[in-house]
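2 protein chains.
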Amino acid sequence: MSNQETPAASPRQVSHRGRSAGPAANSNKDAEEVPEFEPFMLLPRGPPPLHEFLDIWDLDMLKQPHEVNKQRHHTHLYANNLLIVRRAQEFEIKITFNRPYKPEEDKFAVEFVIGASPQYNKGTYIPVFPKEEQQSTWRGRVVDSTENVVTMGITASPDCIVGKYRFYVAVVTPYGIRRTRRDPANDIYVLFNPWSPADTVFLDDEEEREECVLNELGIIYHGAYDDVSERAWNYGQFEYGILDACLLILDNAAMPLTNRGDPIKVTRVASAMLNSKDDEGVLVGNWSGDYTYGVAPTSWTGSVEILMTYVGSREPVCYAQCWVFAAVFNTFLRCVGIPGRVVTNFFSAHDNDGNLKMDIILDENGRIDRNRTKDSIWNYHCWNECFMSRPDLPQGFGGWQVVDATPQETSDGMYRCGPASVAAIKHGQICYPFDGPFVFAEVNSDVVFYQRNKEGSLHPVKVNPSHVGRMVLTKAPLGEGRRDITDQYKFPEDSAEERRVLEKAEELGCHRQKRSVSEGDVDVSIPAKEVRVGEDFELVLEFRNRSGQRRTVDVYVSGTVVYYTGVPSAEVVFKTPTVKLEPHKDFKEVINVRSQDYMSKLVEQGNLHFIATGKVKETGQIITAMKTITMHNPKLRVQVSGQPKVNEEMWVSVEFFNSFKFSLENVNVRMEGPGVMPYKSKQYSVIAPSTSITWTETFTPRRAGYTKVMASLDCAAIRQVYGEADVNIVP
Amino acid sequence: MSNQETPAASPRQVSHRGRSAGPAANSNKDAEEVPEFEPFMLLPRGPPPLHEFLDIWDLDMLKQPHEVNKQRHHTHLYANNLLIVRRAQEFEIKITFNRPYKPEEDKFAVEFVIGASPQYNKGTYIPVFPKEEQQSTWRGRVVDSTENVVTMGITASPDCIVGKYRFYVAVVTPYGIRRTRRDPANDIYVLFNPWSPADTVFLDDEEEREECVLNELGIIYHGAYDDVSERAWNYGQFEYGILDACLLILDNAAMPLTNRGDPIKVTRVASAMLNSKDDEGVLVGNWSGDYTYGVAPTSWTGSVEILMTYVGSREPVCYAQCWVFAAVFNTFLRCVGIPGRVVTNFFSAHDNDGNLKMDIILDENGRIDRNRTKDSIWNYHCWNECFMSRPDLPQGFGGWQVVDATPQETSDGMYRCGPASVAAIKHGQICYPFDGPFVFAEVNSDVVFYQRNKEGSLHPVKVNPSHVGRMVLTKAPLGEGRRDITDQYKFPEDSAEERRVLEKAEELGCHRQKRSVSEGDVDVSIPAKEVRVGEDFELVLEFRNRSGQRRTVDVYVSGTVVYYTGVPSAEVVFKTPTVKLEPHKDFKEVINVRSQDYMSKLVEQGNLHFIATGKVKETGQIITAMKTITMHNPKLRVQVSGQPKVNEEMWVSVEFFNSFKFSLENVNVRMEGPGVMPYKSKQYSVIAPSTSITWTETFTPRRAGYTKVMASLDCAAIRQVYGEADVNIVP
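Top line first, the protein sequences correspond to chains A and B. Residues in the first sequence are numbered from 1 upward in steps of one, following the working numbering. Residues in the second sequence are numbered from 1001 upward in steps of one, following the working numbering.
Hints are not guaranteed to be accurate.
As the list claims (entries may be wrong) - In silico negatives: residues of chain A with every beta carbon more than 12 Å from chain B:
#1 GLN513
#2 ASP523
#3 GLU542
To be verified - Non-contacting residues of chain A with respect to chain B, defined by C-beta distances greater than 10 Å in every case (computed):
#4 LYS29
#5 VAL284
#6 GLY399
#7 TYR432
#8 SER653
#9 GLU665
Claimed, not checked - DSS-like cross-link-like pairs, simulated, lysine-lysine; straight-line CA separation at most 25 Å:
#10 A:LYS107 with B:LYS1454
#11 A:LYS661 with A:LYS680
#12 A:LYS131 with B:LYS1454
Hints are computed from structural coordinates only; laboratory data are not their basis. No residue lacks a Cβ here, since even glycine has one placed at the ideal position from N, Cα and C.
This is chain A alone, in the form it adopts within the complex (with noise of 0.2 Å):
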């Protein structure tokens, strides 16, 4: 018996003869060998006498942390053995020769070839000369000359490849070009130079630098803008195997080698790649909640788990939500040298098909129609920032850029965005690529609130442009502070500029709803609140009657459990009071929520989100008020005990104690610490309530500094329970 399938050709797998007239360089794998001997004529009989021309004994790269090259380069804190330099900034290798080296008659370059059919014009294939009056794109000269050895010196050209470079010394003799063998040891990686004012990723500040580019420890805003939580995050950009990741990223993309010097389109593919929409990328987005088949997005602490994995499997990872995206990219961009930082969007705009409005529909009396009103208002997202300049744009759009990994599903087939100047989102330049009216619309939509008459048209009774894109928050450079940077994306509310900024969006075809709605005199808002978990709390609507008559309200409260993309799962509160005021006065209406109402019903990240409108009896204006409020999780307790010296064992402790009335079950434990503590995970079958868990792990630190062991708690029940200890190793 046979099992044997001959599977059928694919006519859709076709060869692309006829197509291209050699293999692409897309890859940064070796390909073909350049030949030890290349002759220049046919050669006469017998071996070449090559013993009386120059000859190569040993090449030492200076690849060591503490040697001149990673440190003057910023690259020392790779685990990584091989020379890793940045471009446009020299680095020295020796070279020692069989004797002196004599510059008038001797003639040797060294050779940097990257990826398949290497050719000089792609900048694939680069010679590097010693002599000032022959020099290609990358400059060499003789550092110094002592003995057998020289010391040269190379820098590579601002805009050469970023990759992984072969490497050889050439010489040439009367009757051809002698190489040294390939010795994968001297390879070198060339990354992209943030401290070079040639670059296009310079960045002129040591702090931002030292933050966007070499911090591990990260921080990722979440929650509510009036209520702002915090995860840690071990971006590990220098962990071991992380830079060949980043480069597998790009392979995987079939990304053209002769692109790879332009860290725009480096930043548009890796932005496509960090998603597996389409092209095999790293992540899985998921945001049903069920998370049975891999790790939900909550209980990752690092990046270097997800692309560890993914190079294992080189399969797409299961799961990831926007912070997810955001962080693995994050530490995409700062392992191959691009000025990177993840920045939060506190009610980010989704979902609303690239025009400017966001719509809440009422019915007649001022009810909300959750049937009918679909878009939905992320509680906040997490995307990236990047920093280079736009030569490719008119002048005063360079500096940070948008550039966002997670899939946005219905936005018109887009799995990639930007990078996006962020510069001309504050000034609705938004006909500048990439994606410009996509990002305008996340930080600028309106909320517009229509009400649906009985023949089924839909009129504007209030138009909110405050709401979306309240706050956009990152970290600050090395201190942990916030940094607000909302006025980087727009101009304050109802200032002039502002205006200006929206009708020049317009113009550019953005549509949006005219603001000519009248205001009404009676107001009503929902101040923020701090919730535990668990608890039963009060929600108060506050009313202001600016008349001078009585008003009467009815006012419908709903409270619904909201993903934190702002869609619904369940209501939970609803409540019709009908408020009377007092002419000029205020007016307090409590609603009381209680825990039994709200718990069997959370999803993800605890979000409650609050609507209250009505319409004023004597006037017929609607008023609105929304509030999202986040759930406060209780804590891990981390603790970290031994003495704090790099190579001496450590020991953290992580605690959590079961405070609920019910069973936690399939427990996921992580926890990890930059530059301390490789990622480790326990899973624990059941947590019993008013029970607790200890566990406790050892740790040898493997480098002086600052940093944190932070860990999480995870489970279908509750979601993103994190703690973390600070921890100062000294060397």
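Please build the complex by placing chain B on the supplied structure of chain A, with the hints as guidance.
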């Protein structure tokens, strides 16, 4: 024995609960029905007394080709039984009620609904009211009210969704809304409207509209700029099933319905969907010469067979090259009402990584180094232009836009291209979306000849700025002439404007080689030559010595069989004459090319590419000349007989004589005629040398007017043998 397998649920198939609030409206397909009765409140027991109110007895969509709607809306040619109208132009329907309509009391509306979850604010549910004082986004009015019959005029908004709407009439009663039952025969298609100034695709030229919207008969140019050939093509945009096929393409792209009113987005999505890369699109590109598993690109004679195959199999159709992608895209554009035309760019730069040069590498002696020359210049490339305003860009960039559905394999994962404003390309304003730099390079790249020295570095020896983008052609309206539209893309060579444009493009990041290469005093050129396949011919090199001294040139002449993409297949001629030039004299060197040298090696479109390079001994000057010779194939003889009258039977015969010395095997013959004959194909296993075949078919013209019957013959040994016959059908 059981063969059952339960496939493991893939972890990457995740639901979008938590991500979006409702099903995506991204298909023309019906979803849930609109309810026939929609109560306003709790009803009294028993059936409501609906008989008192307006009731609908009959609906007439006035949808016959000779009736007012299709005539006025230029949609009478569609072989489609439903009503087809265009945006921003009134159409009429007749509603017969149970009694005369009383405007003062009766309330009714007609409703247009498209896709799932129809919503007024998304433009997927549109009520239209007959009264001046109550109007929605689409305007309605009573044109005539006679007895029980109301003729209602309806004008779709100029930016409404293009697609297939469901239609209802709703009567408002005190108890609720009462609707007609859905009748698929009353569905209506709404298309773009180039005749209406309010539509963004408005084209203010009746001749152009007749050609670029209504003409089914196309001519596509190919060959060489100095020896242009023509292909006839049946776009067939009005054939039965084609309109549905075009909407299916957008549905298969899952394009959100809300975006389908925007021709910028529609054409961009279509440019991605016409090729099968990424997205299970319409056509599979294949340039390999092996078309065993499908139809050779050269064999198709029209778009109808391709689109109907795609609809039938729901799989990409094999195979296409650039003109097939462009032709089917053109069918799409004209069918949905966007003015479209196919253009041909002669010597099109491709695969050049977005910079502005195509590199040709010569060795030290001036001979072409084919191993190191990887860039290829396509003999020609076809793309589409579509006409629309560009509200997303600053003023001045509306008009014709480049869109290109041919997958650009090597260009940064770009399997869609455009719309890119032709005016922006002409002015070097390549910073605007979409894909300006790519299109700019296709028409503006320099050909740079480099000489490679022994040590491996290259230096430029000659720059040819006028080779690429030599001519852009399209079919002139109505008549059959060519129209040279090169001046739409470029200012005249060497003009001040041209220099400014190139500087502008460089400011915006396009890299190019400085042209400061010394010109020398010797020229060489190769005049054009018309050659029939199988002929011996003479290739002439014309030398001119502009100096007062003698000159000696070592010349390398290499003739290579190439694909139309410029990719070489085999060298068939190689000569190395030494040419002596007297002062101020011309000289002709003749190279004899024999049939036996090239016949067995010809590929596809029978192109020979000659490059003559050489070095002037006295001055070291490098001279170069290039010429592409397109072999002329024998023709098919197509003859039509019978009375050319609608619905009368006619005959067509296709005749071919094999004048070659070898047998043709597996010969595929195809024919069709727009409006007169559907596509037919026939296979001949062998056509022996010096024998002929004749294929006769009958056909019955469906409509009057000037048209053609076109035929192709195709086999591995000889491709793109064409023939056609004109026929003028009288009514």
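Okay, the hints, checked on the actual structure:
1. GLN513: violated (9 Å)
2. ASP523: holds (25 Å)
3. GLU542: Fine: 28 Å to the nearest Cβ keeps GLU542 (chain A) off the interface.
4. LYS29: holds (17 Å)
5. VAL284: The claim is violated: VAL284 (chain A) sits with its nearest Cβ about 5 Å from chain B, within 10 Å.
6. GLY399: holds (16 Å)
7. TYR432: violated (6 Å)
8. SER653: With a cut-off of 10 Å, SER653 (chain A) remains clear of chain B, as the shortest Cβ separation is near 33 Å.
9. GLU665: holds (20 Å)
10. A:LYS107 with B:LYS1454: Holds: LYS107 (chain A) and LYS1454 (chain B) sit about 12 Å apart, inside 25 Å.
11. A:LYS661 with A:LYS680: violated (28 Å)
12. A:LYS131 with B:LYS1454: With Cα atoms ~16 Å apart, LYS131 (chain A) and LYS1454 (chain B) stay inside 25 Å; holds.
Checked against the numbered hints given earlier, the structure breaks hints 1, 5, 7, 11 and satisfies all the rest.
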